[in-house]
Amino acid sequence: MTEPQPEKGNILLVGAGPELAGDVRTALTPAGYQVHVAATGGQALELAQEASFNILLVNSDLDDMDVCQFCQHCRDTEATRGLPVMVLSPAVALESIQELLAAGAADILIAPLELPLLRARVETHLQMIALESELARRDALLEKEAATLRQVEESVRLAEMSGRELVENLSEVIYTAGLDGILTYVSPGVERLLSYAPQEVIGRHVGDFIHPKAHESLAARIERVAAGHREANEYRFVTKTGATRWAQSSSQPIIEEGQVVGLQGVLTDITERKQAEERIRQQNEFLTTVIESLTHPFYVLNVDDYTIQMANTAARVESQIGTATCYALTHRRDVPCNSSDHPCPIEELRKTGKPVRVEHVHYDLGGGERYVEVHSYPLFDDLGRLVRAIEYTLDITERKQAEELLRESEARWRSVTENSPDHVMLLDCDLNIEFVNYPSPGLTIDELLGTPLHAYVDEAFQEEVKETLQRVLDTSEAASYETSYSTPDGDSIYYESRVVPRLVEGEIVGLAVNARDITEHKRAEQALREAMEAAEQARQAEQERRKEADQRRRVAESLAGVMAALNSNQPLEQVLDHIAGQARDLLDNEEVAIYSLAGDGDELILQAAQGPVRADLQAIERACKLETIAQALSARKPLIINDLEELPSQGEKRLPQSFRAVLIVPVMVQNDTYGGIVMCSIDPRNFSHDEVELAAIFANQVALAVESARLRSQREQAAAAAERNRLARELHDSVTQALFSATLVAEVLPQVGERDPELAREGLLELGVLTRGALAEMRTMLLELRPTAVVETRLSDLIQQLTDAVTGRVGLLSSYNIEPSPNLPPDVHITFYRIAQEALNNVLKHAEAKRVTVSLVATPPVDPEADGDWQGQMMLRITDDGLGFKQRELGPDQLGLEIMRERAETIGAGLSLESQPGKGTRMTLTWPQEDTAPDE
Amino acid sequence: MTEPNPIRVMLVDDHAMLRKGLRFFLAGFDDLELVGEAASGKEATRLCAELEPDVVLMDMVMPDMDGAAATQVIRQQSPEIQVIALTSFQEEDLIERALQAGAVSYLLKNVSAQALADAIRQAHEGHSTLAPEAAEVLVKATRQRASQRDYGLTDREQEVLSLLVEGLSNAEIAERLVISIATVKFHVRGILSKLGVSSRTEAVTQAWQENLIR
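Respectively, the protein sequence lines represent chains D and R. My numbering puts the first residue of the first sequence at 15, with every later residue one more than the last. My numbering puts the first residue of the second sequence at 397, with every later residue one more than the last.
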């Protein structure tokens, strides 16, 4: 094979079988063509995207598409557009060929394929393409040249535009005019300027279009131009519509052959400029007004040379505007300020590009120092360069002085607060600490500053403190509060704080707090409170003790009262009533009743009661499930019911009770149950041990009273019995003596009778008297032994008996007048008997009488037949002829007489004793008593 | 007709009727002669000194001076006069007092006339007659006294003890015995120690119970 020749082109063979491919290669490769193969149309298209081919050989028998479609695709695809597509096809009809050609095929090779033909055709197509390219290139070149030619032509054309056209199209107006001012030519631009068409203007005086005010100067100017000067002036024109337009006119004379024949000029519309100028002027005026209105000095400075470009009157620059520098004017310096003493605001502007504020010292006209605050604002040009500084200054001299004073006072204040024992704090309007003179233990000043005060007090107080501080802040009214603070060691410090608002010129700027350590004070308060509490407790304890002592005293008094009652020989019922009353008072009951047991210990008998209502004992028994209270008492224990309603019901409907609390204590007398005390309260009670004991004491008192009464009655009975026994004994004795005497007499009578009959007879008589007397005394004795017998025996019989007895005893001669007695009331009857007895005894014992007279007389006399009531007077009289007595010298018998008198008084009888020493005694007892005393 | 030397008898009794009876009784005996009557102890002592009877029938219980005291006085005055106690009472202490006072006989007022007359005659001879009841009482008393313990009390202590029993205070005892209170206290201490007791009350109780009082 020959050495492959340099490539002539890339051929893509599409859809060819191996034979065909081989043929094509055979044909083309030696010619220097590179043959690539694609199996299908799709592959070919793809391949064409990646590599550049010059020709496509397509077998008409494609697998994946119709060959026409392939051709269309090639036409449509950019990578293959313009590439010749040669279709290798078997013989086909003309229509098919037309169709292929229409689809874009460049050539059709009819099989069988002639290789040389193929080669030739390929070459041809490639040549054609090369030619086409060459043509296109040349076309482009030509086109370029044509364009250039056109440009030149255009420039020429433009250049060729005549001055007229130029003129006609300029915005400026060109004119010419004669020396008389009549316009000879005006460029069309005049229409733009004045809305007149040129022909309307030409031939008229220029002044016609100028504002009347300028006419004078216009003429002068025309003359000057005519004189050969160039003039540039501004004129105010009036347009056709009457509007004002400004134009600048620069005119020069037209010289022909050395003579001025007219003038020509250009008018430039400067209306906008003029308007702009006017706007600027107005703005400047406005600005000046504004800055003049500023009371503070106001400057506009040139940042490059520090000169004052603008200033208001307040700045007092005036004549030096534009020349003076800020530092020269205000600081009397030759050089700008530097940062060490006063920072220069312009420097600051330069550095930061932002508005600055610095403090300076300026000098006023008088040379005095003024402290000022300089506010400086930058002004940038279009390129962002700092060109101007706008400054105004505030005289802060007073403020500085005030600040100085404030600093002084603050220093003074600080020295005070630092030496103050109290904590002094200043708070800002957010309640944060701005200043504190010294911190509480465990805190440092640094950590306190800027934090809220209320955060440091004990939690319990925080809310309150915060509210109080806020309230002072809101209302500007001072307040006080107390808090506590816990140190890290765990101690508590108590503070009393006073908060006042800090006002500067009426505005509230914060709070001032003064906190005083009151821990000691609080401790003292606490100690005092404790002491007072202790004192209160002691006082209460004392009160309790007093109450107790009082109670005891009452109990003691009550007991003493009962003892007194016991000792006073009051009847038992009264004593029990008294005890019941005491029990009611001291134990606070509504009803107290004392019962005794009777029968076989089953029955309760009421002995005494205090209170309005009796308790229903049966109801209590039912409620307490007792058989009987009597049995409970026999158990010898107290019965305590704090609340009847709380006892479990037995299922029966309980009777409504007036009482709810019941206390029953047994009364023991000599180890037997006498009965009990029932104490009832309307309200439920809680009976204490003390109360039950007190009730027991009352029970004891009842027992004592009962026993005492029993003893007394026993004693009385014993006394009565003893008395009776004494009398009986006496009588017994006297009877014995009488009988003894009688026996002696009787025993010797026989002997005496033998010896002395007379004496014997006397003896017999004596015997009779003795025995009768003995009998009478026996009877009396029997009466004494049976006291009721006294009442049963007629009074007259009794008196007779007594008289006989006396006679028998003493052998007194006695005479008597004892009339039948009526039925007298028993006490009268007994009294008469006793008094007679006593009187006769006295006669026997003391009178040493020889004769006694006894009389018992009823007036009116009693009719034994009559059984009815007798009404009259009974009189007993006993007279003796004995010693008699003086009232004062009675001695031992006085008591007997007293008793006689008492007895007489008791029955309403009158007793009289008449006696004189040596003249005997007469006792008279009358009943009923005669009313002897008229007025007593 | 009366005997040539009848026994001269005096009656002492506050009851007139008894005196009457005794008077009549005496009239029934030739050898007994009533020489006087007294109604009280005082009268008796006076009359005895005056009349100097042989035998006195003395009632024991009389107001004013009682029989025992009168007996003592009469016996002291006139030791030859014999006193017969004639009384209703038979209490031991009465009997003792009567006998200690010097009465020779003790009779109760239930004695028969004959026995009484005999007693008078015996008394005149200096012989005692005791009523059976009285004799019984004395026997009992003597027996009791025999069984009594002897605490070895001195006479003074005995005296003080008897006053203690009467309920006297130390001052009263001192006044009664005409000694100082200190001495009384001294005696009391002796009594307490001898009786083996620690208080006056105990001493009195023991004295009563054991009949230490004379």
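Note that these hints are calculated values from the structure, not bench results. Think of the CB as a built atom: it goes at the ideal place given N, C-alpha and C, for glycine as much as any other residue. Each hint should be verified, as a subset may be incorrect.
[What the hints assert, rightly or not] In silico DSSO-like links for lysine-lysine, alpha-carbon gap of 27 Å or less:
(1) D:K859 with R:K581
(2) D:K227 with D:K288
(3) D:K864 with R:K581
(4) D:K158 with D:K227
(5) D:K414 with D:K480
(6) D:K227 with D:K254
(7) D:K933 with R:K581
(8) D:K288 with D:K368
(9) D:K561 with D:K480
[What the hints assert, rightly or not] Heads up, incomplete: computed chain R residues facing chain D, CB under 8 Å, no partners named:
(10) H411
(11) M413
(12) G417
(13) F420
(14) A509
(15) Q510
(16) G522
(17) L526
(18) P528
(19) R572
(20) L573
(21) K581
(22) F582
(23) N607
How the hints compare with the structure:
no. : hint               : verdict
1   : D:K859 with R:K581 : violated, 44 Å
2   : D:K227 with D:K288 : holds, 17 Å
3   : D:K864 with R:K581 : violated, 55 Å
4   : D:K158 with D:K227 : violated, 61 Å
5   : D:K414 with D:K480 : violated, 35 Å
6   : D:K227 with D:K254 : holds, 17 Å
7   : D:K933 with R:K581 : violated, 55 Å
8   : D:K288 with D:K368 : violated, 35 Å
9   : D:K561 with D:K480 : violated, 51 Å
10  : H411               : holds, 6 Å
11  : M413               : holds, 5 Å
12  : G417               : holds, 3 Å
13  : F420               : holds, 5 Å
14  : A509               : holds, 4 Å
15  : Q510               : holds, 7 Å
16  : G522               : violated, 24 Å
17  : L526               : violated, 18 Å
18  : P528               : violated, 16 Å
19  : R572               : violated, 24 Å
20  : L573               : violated, 29 Å
21  : K581               : violated, 35 Å
22  : F582               : violated, 40 Å
23  : N607               : violated, 25 Å
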